[in-house]
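Student: Spelled out from the first residue to the last, the chains are:
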Amino acid sequence: AQTVTQSQPEMSVQEAETVTLSCTYDTSESDYYLFWYKQPPSRQMILVIRQEAYKQQNATENRFSVNFQKAAKSFSLKISDSQLGDAAMYFCAYSSDNYGQNFVFGPGTRLSVLP
Amino acid sequence: NAGVMQNPRHLVRRRGQEARLRCSPMKGHSHVYWYRQLPEEGLKFMVYLQKENIIDESGMPKERFSAEFPKEGPSILRIQQVVRGDSAAYFCASSPLGNEQFFGPGTRLTVL
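From first to last, the protein sequence lines are chains A and L. Once you know that position 5 of the first sequence is 5 in the working numbering, the rest is easy, because the numbers rise by one and skip nothing. Once you know that position 38 of the second sequence is 38 in the working numbering, the rest is easy, because the numbers rise by one and skip nothing.
Keeping only pairs whose Cα atoms sit at most 27 Å apart, straight-line, the calculated DSSO-like set for lysine-lysine is:
1) LYS78/A - LYS44/L
2) LYS44/L - LYS70/A
3) LYS44/L - LYS73/A
4) LYS27/L - LYS71/L
5) LYS27/L - LYS51/L
6) LYS78/A - LYS55/A
7) LYS27/L - LYS44/L
8) LYS44/L - LYS71/L
9) LYS44/L - LYS62/L
In short, the hints are calculated from the structure, not lab data. Since the model is a prediction, treat every value here as computed from it, not as a measurement.
Here chain A stands alone, though its shape is the one from the complex:
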């Protein structure tokens, strides 16, 4: 079974600085999807960024980018120019390439942004 690990329960970053959140996963499949979701205090799950495993190029969305290392099964999220609104729980998630497959989530990292 696939598993997702986030080894940092909590992180903090100074406003305008850069922070990297770690995620590793375990799978025997070659094609899959990886996601980072943000969950603010409202508890809404907001998709931040997604990566297809067959794409070598790292995904980027504005201030958010990933470092996808397929061989190492690592999928870290970099947040540049951190803003107060970035404070939230961040969940790394895995989904098989199989049609309709459910998501497997990591335990989350709580990010605090210091003014």
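Add chain L to chain A, keeping to what the hints say.
Tutor: Showing chain L alone in chain A's frame:
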């Protein structure tokens, strides 16, 4: 196009009562997933449904929990005879054909 709707947003039940959680998927989405989030944990998959069919219920507890997605109307997650350990946030997600899932705002269930 409205997002995934869940109601109620908050539900309080006493031990032994029944809880019914509703999820209306996005328009055009025929796939629904239910996840449970315990405090300070990530979301855990419970069940995957298509219209009138349960496709994967490998994450559902064997007793007291059931889910349906009828031809008409929302998907329902039903918990009978609730216990304190059922207190959690329950999230629904919907998907069109393909892989991406869109999450609802969740229902926070509190069992007294």
